[in-house]
Amino acid sequence: MDRAIRQRLEERFGEVLAGPVRQRHDETEIRIAPGDVPDVLRALHDEPTFDFRLLADLAGVDTGDSMQVVYHLWSATSPDWLRVIAVGLDRDSPRVPTIVPLWPGAEWLEREAYDMFGIVFEGNRDLRRIFMPPDYQSFPLRKDFYLPDDAARSPGAGVRPMEATHAPRNAPAGSIRRGGT
Amino acid sequence: MTTTDHRRASADDPRVLLDEQAGIFEPVPPYPPRTEREAEFYSLGDGELLINIGPHHPATHGVMRVVMKLNGEQIVDLDPVLGYLHRGVEKLCENADLHQTIAYLDPLEYVSSLFCEWPAVMAYEKLLDVEVPRRAEYIRVLTGELNRVSSHLLAMGFHALDLGGLTPILYSFIERDEIVEMLASITGQRMLFNYFRIGGVNGDLNHEFMSRLGDWMSRATEQVEANVGLLNENEIFVRRNRGIGVMDPETAIAMCWTGPNLRASGIPFDIRRAHPYSVYPELDFDIPTRQEGDSLARYLLRIDEVKQSLRIIDQCLHQMPDGPVMAKLPRLLRPRPGRAFAAVEGPRGEYAIYAVSDGTDQPFRFRIHDPSFLHLQSFGRLVPGKLIADWMTVNASLDPIMGGVDK
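As they're listed, the protein sequences go chains R and L. Each step along the first sequence adds one to the number in my numbering, with nothing skipped, and position 38 is 38. Each step along the second sequence adds one to the number in my numbering, with nothing skipped, and position 167 is 167.
Extracted from the complex, chain R is given alone in its bound form (with noise of 0.2 Å):
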């Protein structure tokens, strides 16, 4: 854990953070509203304290309720890999302006995202499918898509097949997995 990087960190964004720096083992999180992503990452890509030039993962997640955008940055400023978490997206339209002027790289990351997530990243000029072919309607790694022989979670608690692999509208509360907050 590197204390001095969550010094920094709260000096610098104090007030743009959702919740406390977090940290645990050889990471150290934060969490920002969705719409702070580009200012926030800028900063830590560019300012010499920081100098996050590294862009580890950049993934999607379902919580269930809500959607969030993960980062993972790496510097040589800081033994940690530093997480940063864009939260509280809407499950319904899950918005989040796009990273790709600070990282090329993160072009296809962002399109997976959107192809599993349908997390749109405003500004990304190539957002299409990039697994899935084009004509697919899902958004497979969202908690309300079942695999056909997910039996445990399903509401009808038998094997579903192929065509219904998504949990009904009127399905009851608790069989959508929440959590991971």
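Please keep in mind that the hints were generated in silico from the structure rather than gathered at the bench. It is possible that some hints are incorrect.
[Claimed, not checked] Pulled a few chain L residues facing chain R out of the computed Cβ check, cut under 10 Å: (1) Leu-70; (2) Gly-83; (3) Ala-352; (4) Thr-360.
Where is the CB? At the ideal position from N, CA and C, for every residue including glycine.
Since the structure of chain R is already known, use the hints to place chain L on it.
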């Protein structure tokens, strides 16, 4: 036979094979462009032409399709089309328990399976706060570095094969075969090892492994030198690689490159040193870099890395402590709710796992990060202005594995 009959006929009905056209891929998609970039790519300028390569082309290192925009023989732009090997491994892992996910990860990068398992077990160990026995860490490093050598040797052989040289692949398979047999003697598998466990490894080193390794180590350096001599002194090979697909360091970082490809552009970023894990801080090795950033540099850098890996294997054998190879853990693991990120330096770059636990025995979110995916993305920057034959050179030198790209 009409189209509707096709839909009803079973896949093993021979009439389907007779009547259906063999897969012909039109380069232009049958739907209107979905994005700005797609519209730009599929509109042709004066004298330009679209051709389709793949999805089954020997030079694509798997099942990848590339649509190329050509002007004469020069590549203007290209658009990789992915997803032909997509199996939804992330979704499968989110519906499997922690131990089962490790087996799902092996076939991602099928020539370096141990590096797919490694970040997953590291992430779980962080979630569970498990201390791994030191002997297990040394065995992980030892087997991992062996796997890295075999993967790099294969990459070198296939690099030559893509350029039309048939012999080097035969020589690199001699070494690779010895290594996979060695690993098979402790893991039970030649390719998809499924060897790492949460809290350790599946079995201790045994006599067959140690005697094979001892034999091989005594001649490994010489053999590798002899093999690369076939290529390094081959004028055709060198001239087809030099100055092709040049990547400058700034762009390489911006394009999220990692691994040998990044180091061949002059940036000494290696997760084993940049964010040390396992017992790498106790081992002595260098991080080779090259400044040129072209295909030849990427090829030569892999040879340098093989030599460093042999150094690490040697040290592992000397420093290997005694003790258990598994931590004491219950069979059913339920980590407390939390998040963990773990990354390792694989033969192609950074393999990383982001695992979110919700307190059950299954990961709530299981994100797999694969380096080849990001290297492949840079094609559009590396080959414009070059020939199709150069695309094959660049593809071979980036060394993508489509199993990992498509997940």
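Now the hints, each set against the structure:
no., hint, verdict
1, Leu-70, "21 Å, violated"
2, Gly-83, "4 Å, holds"
3, Ala-352, "5 Å, holds"
4, Thr-360, "8 Å, holds"
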